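There are 2 protein chains.
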Amino acid sequence: MQSENSVEDSLHIRKLEVTDKEKGFIELLRQLTVCDSVSDEKFKERFEEIAKYGDDHCICVIEDVRSGKIVATGSVFIEKKFVRNCGKAGHIEDVVVDSSARGMQLGKRIVEYLADHAHSMGCYKVILDCTEENRPFYEKCGFKKKEIQMVKYFV
Amino acid sequence: MQSENSVEDSLHIRKLEVTDKEKGFIELLRQLTVCDSVSDEKFKERFEEIAKYGDDHCICVIEDVRSGKIVATGSVFIEKKFVRNCGKAGHIEDVVVDSSARGMQLGKRIVEYLADHAHSMGCYKVILDCTEENRPFYEKCGFKKKEIQMVKYFV
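Protein chains in written order, with UniProt numbering: chain A, 1 to 155; chain B, 1 to 155.
Keep in mind that a hint or two might mislead.
Between beta-carbon pairs, the in silico distance windows are [said to hold, decoys possible]: (1) K146/B / D116/A: 25 to 33 Å; (2) D116/B / D55/A: 14 to 22 Å; (3) Y53/A / E139/B: 27 to 35 Å; (4) T131/B / S100/A: 38 to 46 Å; (5) E112/A / K140/B: 33 to 41 Å; (6) D116/B / E49/A: 21 to 29 Å; (7) A51/A / A51/B: 15 to 23 Å.
Under the rule of at most 25 Å between Cα atoms (straight-line distance), these lysine to any residue pairs were calculated in the SDA-like manner [what the hints assert, rightly or not]: (8) K21/A / R135/B; (9) K44/A / G54/B; (10) K52/B / S10/B; (11) K21/A / R46/A; (12) K140/B / F154/B; (13) K125/A / A51/B; (14) K144/A / Q31/B; (15) K140/A / C130/B; (16) K144/A / K42/B; (17) K125/A / V34/B; (18) K125/A / R30/B; (19) K23/B / K42/B; (20) K140/A / V7/A; (21) K144/A / R109/B; (22) K44/A / K23/B; (23) K145/B / V155/B; (24) K144/B / Q31/A; (25) K69/B / S100/B; (26) K125/A / D94/B; (27) K140/A / S100/A; (28) K69/B / M104/B; (29) K69/B / R109/B; (30) K108/B / T131/B; (31) K21/B / H57/B; (32) K144/B / V96/A.
Keep in mind the hints are simulated off the structure, nothing from the lab. In this text the structure is predicted, and so the values were computed from the model without any measurement. From the three backbone atoms N, C-alpha and C, an ideal C-beta is built for every residue, glycine too.
Go ahead and model the full structure; you've got the sequences and the hints to work with.
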């Protein structure tokens, strides 16, 4: 049997790569919200559109190198503002951990990675929207409730 | 005396221009949050950084052409996602109406302009964060409460 340490050692956090589509990235996102099959071409196109933003849009993943599967992901993009003396704000989106990999603090690793990225980019804050149910998790990550989220759907 | 119509006619909605700094744009933002004096150089630099995103980051303003002052503003940026079949989400930020220009539905015009922009860019939704106090205003603009906003400050 593998020790706890060797399991942890096999979970590598890094930025999304274009080959991650073959490693279950889309199937993982499907645990979060609607995400039909995406063609290789469409995936590559979107990957490249996001890559153009450089460090202003960072998607991170955790790969389990034993299985070669992506087991967690999240993204952050950097919004350039005029307020706060031309400040920047980080927006965390689309955080999800594979149902088979919960209880290993992978969500916390993802959120900390993204918050550190926003901090290193000079953001004065990082924000995200979540359900009331997920509030305790984000509080453990150092976040506090501030406002409410409003949404308007077009489809 | 001017009629109601002529007042409305003098309020022009359009995209932010680099010359709007001289028209009170920064002073307007100061009614929203911390925004110290910004040098002309810093303003131009930030303006150009945002302009590079093209239609993916749109800042709109309402100018009162009688006074040559910017009396309302708001921004929206388009986030490119993998979820929702490589969908896009619009994020509305930094909406403010000058204290002297309230009661003329300028906030509604700004929010509708930004939501229309997001829609025309192919977004499946547009979101924003606001206080519970501002919820009725955004409901009038067609938004519904969904989640809660969490924040982590670095400064």
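Evaluated hints:
Between K146/B and D116/A, the C-beta spacing of about 27 Å keeps the proposed range 25 to 33 Å intact. In this structure, D116/B and D55/A break the distance hint of 14 to 22 Å, their C-beta atoms being roughly 30 Å apart. For the pair Y53/A and E139/B, the supplied restraint of 27 to 35 Å holds, since their beta-carbon distance comes to about 33 Å. In this structure, T131/B and S100/A meet the distance hint of 38 to 46 Å, their C-beta atoms being roughly 39 Å apart.
For the pair E112/A and K140/B, the beta carbons lie near 39 Å from each other, so the given range of 33 to 41 Å is met. Distance hint check: the CB atoms of D116/B and E49/A are about 22 Å apart, consistent with the given range 21 to 29 Å. Checked against the given bound of 15 to 23 Å, the beta carbons of A51/A and A51/B, roughly 20 Å apart, stay inside it. Distance hint between K21/A and R135/B is unfulfilled; the C-alpha atoms sit about 39 Å from each other, more than 25 Å.
At most 25 Å may separate the alpha-carbon atoms for a hinted pair to count; K44/A and G54/B meet this at roughly 21 Å. At most 25 Å may separate the alpha-carbon atoms for a hinted pair to count; K52/B and S10/B exceed this at roughly 30 Å. Restraint check for K21/A and R46/A: satisfied, since their Cα atoms lie roughly 12 Å apart, inside the 25 Å limit. Distance restraint check for K140/B and F154/B: the Cα-Cα separation of roughly 34 Å exceeds the 25 Å cut-off, and the hinted pair is therefore not satisfied.
In summary, the hint linking K125/A to A51/B is supported, as the alpha carbons are separated by about 22 Å, within the 25 Å threshold. Restraint check: the Cα-Cα separation between K144/A and Q31/B comes to about 24 Å, which is no more than 25 Å; the hinted pair holds. Between K140/A and C130/B the CA atoms are separated by roughly 23 Å; this keeps the pair inside 25 Å, and the hint holds. A hinted pair counts as satisfied when its Cα atoms are at most 25 Å apart, and K144/A with K42/B does not qualify at roughly 31 Å.
Of the pairs offered as hints, the one joining K125/A and V34/B holds, with about 13 Å between alpha carbons and a cut-off of 25 Å not exceeded. At roughly 18 Å between alpha-carbon atoms, K125/A and R30/B fall within 25 Å of each other, so this suggested pair holds. Simply put, K23/B and K42/B have alpha-carbon atoms about 16 Å apart, close enough for the 25 Å limit, and the pair holds. Proximity of K140/A to V7/A is assessed by CA-CA distance (about 23 Å); at most 25 Å being required, the pair is judged to hold.
Our distance criterion of 25 Å between C-alpha atoms is broken by K144/A and R109/B, whose separation comes to about 31 Å. A hinted pair counts as satisfied when its Cα atoms are at most 25 Å apart, and K44/A with K23/B does not qualify at roughly 43 Å. Taken as a hint, the K145/B and V155/B pair is broken in the structure, with Cα atoms around 29 Å apart against an allowance of 25 Å. Proximity of K144/B to Q31/A is assessed by CA-CA distance (about 24 Å); at most 25 Å being required, the pair is judged to hold.
Taken as a hint, the K69/B and S100/B pair is honoured in the structure, with Cα atoms around 11 Å apart against an allowance of 25 Å. With a C-alpha separation of about 14 Å, the suggested pair K125/A and D94/B falls inside the 25 Å cut-off, and the hint holds. With a C-alpha separation of about 21 Å, the suggested pair K140/A and S100/A falls inside the 25 Å cut-off, and the hint holds. The hinted pair formed by K69/B and M104/B meets the criterion: a straight-line CA distance of about 16 Å does not exceed 25 Å.
For the hint linking K69/B to R109/B, the alpha-carbon distance of about 17 Å falls within 25 Å, and the restraint holds. In summary, the hint linking K108/B to T131/B is supported, as the alpha carbons are separated by about 16 Å, within the 25 Å threshold. Restraint check: the Cα-Cα separation between K21/B and H57/B comes to about 18 Å, which is no more than 25 Å; the hinted pair holds. In summary, the hint linking K144/B to V96/A is supported, as the alpha carbons are separated by about 24 Å, within the 25 Å threshold.
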